[in-house]
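Visitor: In the numbering used here, the protein residues as written are 1 to 393.
These aren't lab readings, by the way, just hints derived from the structure by calculation.
Honestly, I wouldn't trust all of these hints.
Claimed, not checked - In the DSBU-like style, the derived pairs of lysine-lysine whose C-alpha atoms are separated by at most 30 Å in a straight line are:
(1) 60 / 219
(2) 219 / 207
(3) 142 / 249
(4) 219 / 249
(5) 347 / 60
Please read all numbers here as calculations on a predicted model, not as lab measurements.
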Amino acid sequence: MTTILTAQSIRDAEAVACHLHASLTTVLESPPVQGHRAATLSNELGVGRMTCQRIMKLAKTSADPGPELLVELPGVGGLREFLEAVIRAGVPRSSMADAFAAIDAFERYLREIGLSQTGFDSALRLFQATTDPDRLRDRRAKLFDAASTITGQAADFTTSMMAIRPSRQDGFNFEQIAVRGYAGMRASGSAMPIRLPMNMAFSDFRKVTDDEAAREPQKLIEGFCTRPLPSIDSRVIKSEHLAHIIDPKHISPGEPFDCFAIQHNRWNVDEPGSHKAIWLYVDYPTRHCIFDMYLHRSMQEGLIVHGDCHLWGTALLAPPEDLWMTRFADQIRFSELGSGTAGAGSKVYERHQELAAHMFDDQGWNADDFAGFRCEMELPIWRSGLSLVMTLE
Numbered sequence: 001m002t003t004i005l006t007a008q009s010i011r012d013a014e015a016v017a018c019h020l021h022a023s024l025t026t027v028l029e030s031p032p033v034q035g036h037r038a039a040t041l042s043n044e045l046g047v048g049r050m051t052c053q054r055i056m057k058l059a060k061t062s063a064d065p066g067p068e069l070l071v072e073l074p075g076v077g078g079l080r081e082f083l084e085a086v087i088r089a090g091v092p093r094s095s096m097a098d099a100f101a102a103i104d105a106f107e108r109y110l111r112e113i114g115l116s117q118t119g120f121d122s123a124l125r126l127f128q129a130t131t132d133p134d135r136l137r138d139r140r141a142k143l144f145d146a147a148s149t150i151t152g153q154a155a156d157f158t159t160s161m162m163a164i165r166p167s168r169q170d171g172f173n174f175e176q177i178a179v180r181g182y183a184g185m186r187a188s189g190s191a192m193p194i195r196l197p198m199n200m201a202f203s204d205f206r207k208v209t210d211d212e213a214a215r216e217p218q219k220l221i222e223g224f225c226t227r228p229l230p231s232i233d234s235r236v237i238k239s240e241h242l243a244h245i246i247d248p249k250h251i252s253p254g255e256p257f258d259c260f261a262i263q264h265n266r267w268n269v270d271e272p273g274s275h276k277a278i279w280l281y282v283d284y285p286t287r288h289c290i291f292d293m294y295l296h297r298s299m300q301e302g303l304i305v306h307g308d309c310h311l312w313g314t315a316l317l318a319p320p321e322d323l324w325m326t327r328f329a330d331q332i333r334f335s336e337l338g339s340g341t342a343g344a345g346s347k348v349y350e351r352h353q354e355l356a357a358h359m360f361d362d363q364g365w366n367a368d369d370f371a372g373f374r375c376e377m378e379l380p381i382w383r384s385g386l387s388l389v390m391t392l393e
């Protein structure tokens, strides 16, 4: 079974590679080696031609090599054989001390991870296949195409943003404005209806219940919606969620439309605790996704905020903020936006900063009293959950 390398073992491999590169490059500058071709060295030193070829490639590699160098070089035995041959050709052994130490470090590294050089090669390729951004994006692109075809739905852009502050009304401890919407949404006539659901909230590893929320009805943000305005279906689906439903039968097949809605909520969260999480579920295949959360500055002190991405819909009983068994390796980008909405812009959707400003203006809140946090992902994994987690230090 191939050993799975960790990020730390990769960093250790890079350190070993740098040491080998620096010390062996010095050897290549010694009189018996400098300026010679690999074939000539093989004959003069009595070392295998392949060993000489692999070592001489060092002259063309970067001074800051990656872990791949440990695969490209000869093995520990071959490296030591080469150094001994250079010593026999007249180079003092004392001048080779650092090179021998680098080879010892190489051998020690392989022993610590329990792999041969060939095994390390396999493990490194597996690590790169599961962490290389371009490869991961290609896989998500294939998933996007497949999911779009199967569901008959796809969006160019999905966004969710919210602002949270302590409530000023008796009987509630939090107040929230939430915006949810899509740009460039397409749907076929036979596709399932499109919902504009707001985010799910969790507090100290439990879902905040509907009894703790006083939700106002959603309303379309008409200035950001396609004209004519999307037709909202009158059916009732989990009415307590008060989510807009758009039936594809009212939309020209394949014709893109934009639709955004806003909702004001108050919360009376029982024992909010020190660990909170807000989740955005990726309901529809989308090319880009941005999830922003603005916290009132009075709530920020002592909070650590970070983002995460998990499989949606697990029935396991793990806390939502600790779903280690469903966490995707291909993670979202997390960033801090600073105060207000000045940093809320995005090249993905040119009106995103304007939409954020509208969210605050709609309720008359001062955006400068809030600090923003963002999760974003290109081609997010369909049916995944993006989470912003807040933990008291």
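Visitor: Hint by hint, note whether the structure agrees.
Guide: Hints and how they fare:
1. Under the criterion of a C-alpha separation no larger than 30 Å, the hint pairing residue 60 with residue 219 is inconsistent with the structure, at around 63 Å.
2. Restraint check for residue 219 and residue 207: the C-alpha separation of about 25 Å stays at or below 30 Å, so the hint holds.
3. At roughly 27 Å between alpha-carbon atoms, residue 142 and residue 249 fall within 30 Å of each other, so this suggested pair holds.
4. Only pairs whose Cα atoms come within 30 Å are accepted, and residue 219 paired with residue 249 is accepted, the gap being roughly 21 Å.
5. A distance of roughly 39 Å separates the Cα atoms of residue 347 and residue 60; the hinted pair therefore is violated under the 30 Å criterion.
The structure fails to meet hints 1, 5 from the earlier list, while all remaining hints are met.
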